[in-house]
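Protein chains in written order, with my numbering: chain A, 1 to 337; chain B, 338 to 674; chain C, 675 to 1011; chain D, 1012 to 1348.
Take these hints with a grain of salt, some might be off.
Stated by the list, open to error - Subject to a maximum C-alpha distance of 30 Å in a straight line, what follows is the list of computed DSS-like cross-link-like pairs (lysine-lysine): (1) K393/B x K363/B; (2) K56/A x K80/A; (3) K26/A x K56/A; (4) K1091/D x K363/B; (5) K700/C x K754/C; (6) K26/A x K754/C.
Keep in mind the hints are simulated off the structure, nothing from the lab.
Protein chains: 4
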Amino acid sequence: MVRAAVLGASGYLGGELLRLLSLHPKIEVAQVFCRSHAERTVGEVHPNLERSVELKFESDPQRVDTDLAFVAEPALSSMKIVGALLDRGVRVIDLGPDYRFTDANVFRATYGADHADQSHLAEAVYGLPELFRERLRSARLVANPGCYATATLLALWPLVRHDLLTGPVVVDAKSGSSGAGAAPTAASHHPEAALSVVPYGLPVHRHLPEIRTVLAQVGPEPPTITFVPHLVPLVRGILCSIYPTLSSSTTSTSLAELYTSVYRGSPFVRVGGVPKLPWATGTNRCYLSATQVGDAPVVFSALDNLGKGGAAQAVQNANVLFGFDERTGLEISGFGV
Amino acid sequence: MVRAAVLGASGYLGGELLRLLSLHPKIEVAQVFCRSHAERTVGEVHPNLERSVELKFESDPQRVDTDLAFVAEPALSSMKIVGALLDRGVRVIDLGPDYRFTDANVFRATYGADHADQSHLAEAVYGLPELFRERLRSARLVANPGCYATATLLALWPLVRHDLLTGPVVVDAKSGSSGAGAAPTAASHHPEAALSVVPYGLPVHRHLPEIRTVLAQVGPEPPTITFVPHLVPLVRGILCSIYPTLSSSTTSTSLAELYTSVYRGSPFVRVGGVPKLPWATGTNRCYLSATQVGDAPVVFSALDNLGKGGAAQAVQNANVLFGFDERTGLEISGFGV
Amino acid sequence: MVRAAVLGASGYLGGELLRLLSLHPKIEVAQVFCRSHAERTVGEVHPNLERSVELKFESDPQRVDTDLAFVAEPALSSMKIVGALLDRGVRVIDLGPDYRFTDANVFRATYGADHADQSHLAEAVYGLPELFRERLRSARLVANPGCYATATLLALWPLVRHDLLTGPVVVDAKSGSSGAGAAPTAASHHPEAALSVVPYGLPVHRHLPEIRTVLAQVGPEPPTITFVPHLVPLVRGILCSIYPTLSSSTTSTSLAELYTSVYRGSPFVRVGGVPKLPWATGTNRCYLSATQVGDAPVVFSALDNLGKGGAAQAVQNANVLFGFDERTGLEISGFGV
Amino acid sequence: MVRAAVLGASGYLGGELLRLLSLHPKIEVAQVFCRSHAERTVGEVHPNLERSVELKFESDPQRVDTDLAFVAEPALSSMKIVGALLDRGVRVIDLGPDYRFTDANVFRATYGADHADQSHLAEAVYGLPELFRERLRSARLVANPGCYATATLLALWPLVRHDLLTGPVVVDAKSGSSGAGAAPTAASHHPEAALSVVPYGLPVHRHLPEIRTVLAQVGPEPPTITFVPHLVPLVRGILCSIYPTLSSSTTSTSLAELYTSVYRGSPFVRVGGVPKLPWATGTNRCYLSATQVGDAPVVFSALDNLGKGGAAQAVQNANVLFGFDERTGLEISGFGV
């Protein structure tokens, strides 16, 4: 049994992680940390987990005493605590953005602060197993991807791998409100969010530099990407509609074959027809559909931002790190409705 | 042309009021006030009103210089400014709760503060024209009713008027999120509100003492009322499902006749079958349906909390105050969908 | 390993059942039946189950060849096929209403047709383990309860068991749209359902006679119950707000103690504060909150109509029938959001 | 007073048209037609219009006896009745697609049937006043545009007029469910639509040939347009996110100036920041925001599909036809929330 700690366990990602891990047969959550909820039980903070996770929040991350730590802290916080965890031999999966970049300058330009732990930044492996499975097996530090980045990269990867991208890419992303986190804001106020589709994060959402960083690692210089996220009146779920420019003519059939072939060994990526978001809800699945619309190829990518776009993917990464079957603890299917 | 000022015009009620008044043929909004938005235009604060209301916010209510003032300030604020307005000869329609009580002790028990303007409290007329039309004609100060109170009182009034209530009444109310106002809170955070029906305001919501105060004015000692509001995933709209105990046996037919008869002269109260909330959206209408369910009578009451439950009713009250046809500026029908 | 068949597996309840059973460690779905989808795979009909349930639909229920059959057929259909299953030694859990009544006359009055299998009607055990656990252990035929009936009966049972109910009960129920099934109707058309709260099923919803039938089995003559279901703009979830009349004075504390005590041995009934529906989504849990609102007791009951209100409860019943721990395959927690 | 008839008045577009016309000071609805509701009152079919529109449905369009007819019939129906109306001197605004094409072959390819009234097809003027105001003044027959086409054409027009489009255009459209009409379908079944964002109408939605037809009339050969509509969980409203390829470099400032300038004389087109859909709800407004996202221009276009995308635009066209101020009867502002 792998013993794990969850730091920053009071948010939506932390809660979903605890929910998933409570059923994992080979990973046991032994400690949970959250400064602002110290001494409260998990059930008090996450009533849905009452009796399923019987732990009290601790406040001092110095007391982590496990094989593995999931860090679900906000941006700019993880980088202050991850180093100490690694030094004590704890393997780390960071669900925040601090270790997703290879270039500290890009990090600074994106998050507006110098990186406080550049030595480990270089070591971190980007936690998208479908692209980096081999490197992840021996990683000490995993940078779990952002939700939009996961949906976009899984959709673009077959095109990049076969070097088909030759011009601009438009990514029109639609996300539910849970992606914004548990703190109330004007944008996520129900009366403002429930009856609209609202483009936001313009001109440059923080996930775009993340996407470009990863693409640059796995292929040629990436093309121009126009990335526009929209808040839609859903709680969970992201649908990205992706409009790439390709070098050669494709058909719906050739695209389907390409995607099916690339993801043959990846149990969580499902290639098929136009997806519905509930199929992904609560799961680690990403549904991809690549098709020809008139003369142009279009790729749809659907996942649960708290699932494959967050907590479930962190569990998948833990499975890879510790040599378990990737599917362990993540077998559940999503909803029909 | 009646010249009007709107104080506290930056919230949802204030915005809806400006929207309605912008089409009123006999009332002209000449001044808008809001301390926190002073010098900004209405269009900057309410983009839906750009070009329709071309005014700048002023900050000092001492400068009100109109025939009529609508006060859409939060609880405990109106009572500090209404007196001065009245002293200067301005008639006032207060959309907040400060003047809805006849007994300062009930006000204190409900809102947790002493009333700062008890002399005018005694003078205020409760702005439900269907019950107090005559007294309103000559009122200087109108206490515009709360949204739940409007829906409940209009539903109970025919039973009270005919002295049919003999035992406990259950009011199970369902409201959209705009009733909570424009300030983000944990309860109105989209991820928390969008997938649930949440009872709140327990054990005693503030509209219950308001309802009891009014019933005591128009009938015998009111019965026990159990009032439970629920937040539902809508933005606008309240549906109250009301379960009264009656003295004598009723039928669906006798109930329909009773309600139709009582509201014959009230153009905004519509008696009929089970209502749908969009019919009331953006309007001053309240839809009532009184029917027999098994052995028991049930009354459904539907309105727009920002409409008949707030801003539109304030316009209706203004029409009554100034002797206009009640329907002036309020003719629009609600939506089919 | 218990071998199971699912009949009527193409609807929402059938799909949810397959989803849950795909993870059950002691029950294996060996056959699925649906006349209208014969020869299609489960994945074609329920894309969320692709690769999780690798079976083809069969059309002829005569070919059921398993230890257990879940029957998720519409009303009036089950009673034509259950007898033959029982005769061949198959234990049956019927998710429809056909066997929920003890009196064939009540069935006829409620469903408008004579019961076609009265001999087995008498034998069926009502599948609410919290009330009938002992009788269920040896049952051949289980009548899985309706969604509203489950929510209402679990809320009323502590009051009935302690003989506290002395007068009328109001049940104001709010349900998501999946309860209406997979066939499009005017009431469930998105433009009609998404912006309203709509009372329906009046004057007498079919679950009320079911509730009364069960109450009469476990306590004294039940009181008058006014049951009004409302369609709310959710997909999954039922919240019942229940207003009982009690014989003696209660407090929030005494009510909480009573409910906690009655459900001590029932792992799926959770007693606590005001519940949120996502906590129950996808699970077999029912959240109860009993509290005093002013002078009156109010009980809130929340569950997933496809979970504890349907498919998950059927799995719980199967666990009871075959002597497994009730929680087997039903351990997952619901969502925080 | 212009006397008008509405044919096909029982659907969502017809209902919205009656709602708007009930307040029009210069157009009076004198007749309503609907074969399937003959002899019923408007209030029975559209309860929101009870007392506002006091007419009975007639069944025989031969009895139209007005100056103007709005035809809100389904595709392929209008073309069978419009000719006779014109012959009797009735001016016609057709809200369906039958007269939106200049080329009968494109009509056949798009709607799968030969055009039954080609002589009038040639005469029809496309009812987008912002582009065709002059030609509309004297039109006998107006083809009121489709909802997506209106949103897209108003967004592209400034770029076409200044000949800036040089390469492919992506139109990612998000629509509420009322656009699909009043008849229940699997796609609009609430449980299927409420928790997802669903691309549909692929590979070629019928509004794309309409858009291309109009662009070809007002500019050079239009570029490749990839048009992907998505159903979002809203009832009213369309947001199009449009990604054009332009000939020269633009900035957010230059784009804003361009759009502001082109629409200076068009009171219903509002150019500004990122729009919210409620601002347009129930109105004839289209909100445009043209901005630079990274290196690429993006245009957002928001309207109410039943408003500027349908019934309100039909009223605007009527105003143009009869020489009224375009704004007559369409002054109302949309919602803040």
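For each hint, the structure was consulted:
1. K393/B x K363/B: Measuring from Cα to Cα gives roughly 21 Å; hence the hint holds.
2. K56/A x K80/A: Holds, at about 23 Å.
3. K26/A x K56/A: Within the cut-off at roughly 21 Å; holds.
4. K1091/D x K363/B: Measuring from Cα to Cα gives roughly 46 Å; hence the hint is violated.
5. K700/C x K754/C: holds, 29 Å
6. K26/A x K754/C: With a Cα-Cα distance of about 46 Å, the restraint between K26/A and K754/C is violated, given a limit of 30 Å.
Checked against the numbered hints given earlier, this structure breaks hints 4 and 6; the rest are met.
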